Amino acid sequence: GQNIDQPTEMTATEGAIVQINCTYQTSGFNGLFWYQQHAGEAPTFLSYNVLDGLEEKGRFSSFLSRSKGYSYLLLKELQMKDSASYLCAVPRTGGSYIPTFGRGTSLIVHP
Amino acid sequence: GAVVSQHPSWVICKSGTSVKIECRSLDFQATTMFWYRQFPKQSLMLMATSNEGSKATYEQGVEKDKFLINHASLTLSTLTVTSAHPEDSSFYICSARPQLAGGTYEQYFGPGTRLTVT
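Sequences listed follow chains A and B, in order.
Just so we're aligned: 83 in the numbering used here is position 83 of the first sequence, and the numbers increase by one with no gaps anywhere.
Just so we're aligned: 68 in the numbering used here is position 68 of the second sequence, and the numbers increase by one with no gaps anywhere.
Please note that a few of the clues may not be correct.
Computed list of lysine-lysine pairs in DSBU-like fashion (alpha-carbon distance at most 35 Å, straight line) [unchecked claim]: (1) Lys76(A) - Lys41(B); (2) Lys41(B) - Lys66(B); (3) Lys81(A) - Lys41(B); (4) Lys41(B) - Lys68(A).
Rather than coming from a laboratory, the hints here were simulated on the basis of the structure.
All values reported here derive from a predicted model rather than from experimental measurement.
Kindly produce the complete structure, drawing on both the sequences and the hints.
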């Protein structure tokens with residue numbers, strides 16, 4: 001089975017940096033996804049990590065440590081529009097790449 | 001590119017009636033489409049996986065006779081909630097996986113359908 005754990009809620013200030021952590025347990029590892037979901041909307045893809053290390057994409061970066069079962073999403077230069085839920089997900093084993101989602105971390109950015 | 005639409009975006013229906021939700025991939029062909037359900041402040045839970053031209057694969061605990069899924073073409077899948085009850089009220093989201101050589105891990109989500117059963 002798979003188990004994903006991430007904080008329920010975080011708050012941060014506009015312009016700051018925030019790190020959203022995710023720990024996971026899975027019987028077979030096929031990478032890790034991060035999605036952003038605004039309230040009442042569908043998730044949008046942010047990143048997919050399969051190798052250890054940090055991958056940077058503009059203001060957003062994602063880190064993975066397979067040995068620790070740990071990932072984080074780093075958001076820099078926070079903007080009000082970054083207020084959303086951030087979902088960590090790991091694909092099922094077996095090659096289907098169907099993601100199992102965590103509960104998500106609700107990020108609130110305030111002025 | 002890679003746009004997925006859902007219709008309707010929201011629907012209110014009476015208990016006991018059926019509701020059909022459409023999911024379309026607008027600019028690509030989707031080998032596989034997925035249907036998720038999300039309750040407030042909860043995670044997305046996969047309900048079923050549908051492949052064009054074959055029967056859907058339902059997740060454990062999801063009643064296939066209640067949630068009818070049809071994937072008639074590479075761009076359209078439908079979910080029909082039959083004999084809806086208030087506890088079926090939820091946010092239903094579909095996603096589509098492009099038909100690419102070698103497969104892909106990517107999937108594109110539709111905007112979701114808010115179902116309220118009164």
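Checklist entry - Okay, which hints does this one fail, numbers in order? => result Per hint list: zero violations.
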